[in-house]
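Enquirer: Quick note: the sequence shown uses the working numbering, first residue 805, plus one each step.
Read the hints as simulated data drawn from the structure, not as lab findings.
Please note that the accuracy of each hint is not assured.
BS3-like, lysine-lysine: derived pairs with alpha carbons at most 30 Å apart [said to hold, decoys possible]:
| id | residue 1 | residue 2 |
| --- | --- | --- |
| 1 | Lys819 | Lys893 |
| 2 | Lys969 | Lys930 |
| 3 | Lys819 | Lys833 |
| 4 | Lys946 | Lys969 |
| 5 | Lys930 | Lys946 |
| 6 | Lys826 | Lys942 |
| 7 | Lys931 | Lys969 |
| 8 | Lys833 | Lys847 |
| 9 | Lys946 | Lys847 |
| 10 | Lys852 | Lys893 |
| 11 | Lys833 | Lys931 |
| 12 | Lys969 | Lys942 |
| 13 | Lys819 | Lys879 |
| 14 | Lys893 | Lys847 |
| 15 | Lys942 | Lys847 |
| 16 | Lys819 | Lys852 |
| 17 | Lys969 | Lys847 |
| 18 | Lys942 | Lys893 |
Since this is a predicted model, take the numbers as computed values, not measurements.
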Amino acid sequence: MGNLIPLEETASNEKSIMDYLKSIQFFSKLNQNELDSLIQWVKPYQAKSGTTVFEEGNQTPEFCLIAEGEIAIFKEISGAEHLKVADIKAGGSIGEMGILDDEPVSASAIATVDSVVFIITGPDFKKLVSENHALGVKLLWKIGEIISLRLRRTTGLLAEISIAKSDDI
Numbered sequence: 805m806g807n808l809i810p811l812e813e814t815a816s817n818e819k820s821i822m823d824y825l826k827s828i829q830f831f832s833k834l835n836q837n838e839l840d841s842l843i844q845w846v847k848p849y850q851a852k853s854g855t856t857v858f859e860e861g862n863q864t865p866e867f868c869l870i871a872e873g874e875i876a877i878f879k880e881i882s883g884a885e886h887l888k889v890a891d892i893k894a895g896g897s898i899g900e901m902g903i904l905d906d907e908p909v910s911a912s913a914i915a916t917v918d919s920v921v922f923i924i925t926g927p928d929f930k931k932l933v934s935e936n937h938a939l940g941v942k943l944l945w946k947i948g949e950i951i952s953l954r955l956r957r958t959t960g961l962l963a964e965i966s967i968a969k970s971d972d973i
């Protein structure tokens with residue numbers, strides 16, 4: 805977590821942490837008690853434009869929800885060359901795979917505009933799930949939905965690329 809600024813230290817904290825949590829689509833099916841439990845696990849940060857939120861290869865997986873702003877995802881393709889693979893806007897999330905499989909971070913994430921993000925580390929996520937099963941199931945279900953949607957999109961893109969390549973032959 806490069807130069808992320810803990811949100812409670814920022815002077816312009818007009819919204820409460822709870823207000824931010826309630827505004828994130830990922831948490832829309834949680835009741836007030838579940839949000840109250842969650843608030844102890846997720847840490848809010850301000851990411852100025854250009855700030856690295858995650859770095860590819862990092863050994864500590866983290867799950868990040870974007871409350872405000874936009875995060876670009878970059879994949880290293882050869883040495884120092886990086887390919888932009890996605891822009892994730894407010895309401896989106898990144899880092900789902902790492903907190904489930906404990907593998908190193910698979911791509912870098914950089915704020916493209918000033919952003920507010922909520923982060924939970926892989927170890928904290930596992931602890932949350934083991935201590936609060938009902939909340940854990942809801943969060944894991946939502947993560948499953950996100951990964952499923954992204955896999956469907958990736959499969960569609962792969963099919964389009966395959967068709968385009970076969971047309972070139």
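Enquirer: So which of those numbered hints doesn't the model satisfy?
Expert: Numbers 2, 4, 7, 12, 13 and 17, in rising order.
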